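Please build the complete structure, drawing on both the sequences and the hints.
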Amino acid sequence: MSVDLIRELYAYHRWANGRLFGLAAGLGDTLMTRDMGKHWSFPTLKGMFAHLYGADSIWLSRWKGSAAGRMQGDADFSTVGDLRAKWDLLEAEQRAFVDGLAERDLTRLVTFVNNQGVESAVALGPLLQHVVNHATHHRSEVATMLTMASGSPPDTGIATYRTTVVKG
Amino acid sequence: MELELIQGIWGYHWWGNRKLFDEAAALGEAAAKKDLGGHWSFPTLKGMLAHIYGADRLWLARWKGESPTKLYGDADFASLADLRTGWNALEAEQRAFVSSLGTEALKRTLDYKSTDGRPFAQPLWQQLQHVVNHGTHHRSEIAAMVTLTKGSPAPTDMVLFYRQPKS
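As you go down the protein sequences, you meet chains A and B in turn. Residues are numbered in the working numbering as their position in the first sequence, beginning at 1, plus a constant of 937. Residues are numbered in the working numbering as their position in the second sequence, beginning at 1, plus a constant of 117.
Rather than coming from a laboratory, the hints here were simulated on the basis of the structure. Given the structure is predicted, the values throughout are model-derived calculations rather than measurements.
The calculated BS3-like cross-link candidates involving lysine-lysine, where the alpha carbons are at most 27 angstroms apart (straight line), are:
1. Lys-151(B) x Lys-187(B)
2. Lys-151(B) x Lys-975(A)
3. Lys-975(A) x Lys-150(B)
4. Lys-224(B) x Lys-181(B)
5. Lys-136(B) x Lys-267(B)
6. Lys-151(B) x Lys-267(B)
7. Lys-230(B) x Lys-1104(A)
8. Lys-975(A) x Lys-136(B)
9. Lys-150(B) x Lys-267(B)
10. Lys-230(B) x Lys-187(B)
11. Lys-230(B) x Lys-181(B)
12. Lys-151(B) x Lys-136(B)
13. Lys-1001(A) x Lys-1023(A)
14. Lys-267(B) x Lys-975(A)
15. Lys-187(B) x Lys-150(B)
16. Lys-150(B) x Lys-136(B)
17. Lys-224(B) x Lys-1104(A)
18. Lys-1104(A) x Lys-181(B)
19. Lys-187(B) x Lys-1104(A)
See the structure below:
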């Protein structure tokens, strides 16, 4: 069941991302690149989505044991369209990885070096949970920024996902 | 491993909540009651924390077979200190519930009614994940509100929780 729990968590992750990215992209590049203040983790909607891309990408590399490289962000994407194209590719790669997991993979220790150079080792299962939780933190910021820009976006809670999309 | 995954995120939930509750409390009661704008889910830090308390309390009651119609919130607490007392009691009750779970209990489908009376049925593990995810959404708002008030609070990334030495 552990693998099902993780797979369904990632189905939720993709649904919530798609819901907010679709809404944000509909506002156009000008609004997506508007500076909304320094109290956000990143000041623009494009920067926020670029950070979600960067984090999901670097963690996927760590899980695969490949060179993680540097964390990508806002400056790596010329437009929202550019980001969206790369996002879709990353999402497909992440989905293939998650779909290919077996129960025993979740207890495997992943050793990684964070962006301050500190090495840690954490089991893959909790790291998979971390990435979705990390995104929920930033999706919350995106939701508030969208509220400021165009009004409150639709709910992206797990309960709403289960009761209206999966229906079970 | 599903039990470890669920109990792990609950350990994270209590840790993240405490860190941000302490940040809000350190700002003082007046700052916690200050209206920070209509674009937040709730306009004050106290209101946001009271909502997390209310949602957590509602779901715990559902897991114990009840379907409350009242969602506790800001107006139910005179102060952050008052909320903290209720919070500590609720957290102790949650800890007892989460630590008592077995794998079979996680898979069990639990029926409940929403506060407006609509019936739902979902496995317990989904409901347990939902509450932590819900908390993270509002903790993010609390972090931005604390940043507006005094500067960025300490991070509450899940990976930082898992990196800590085991006690």
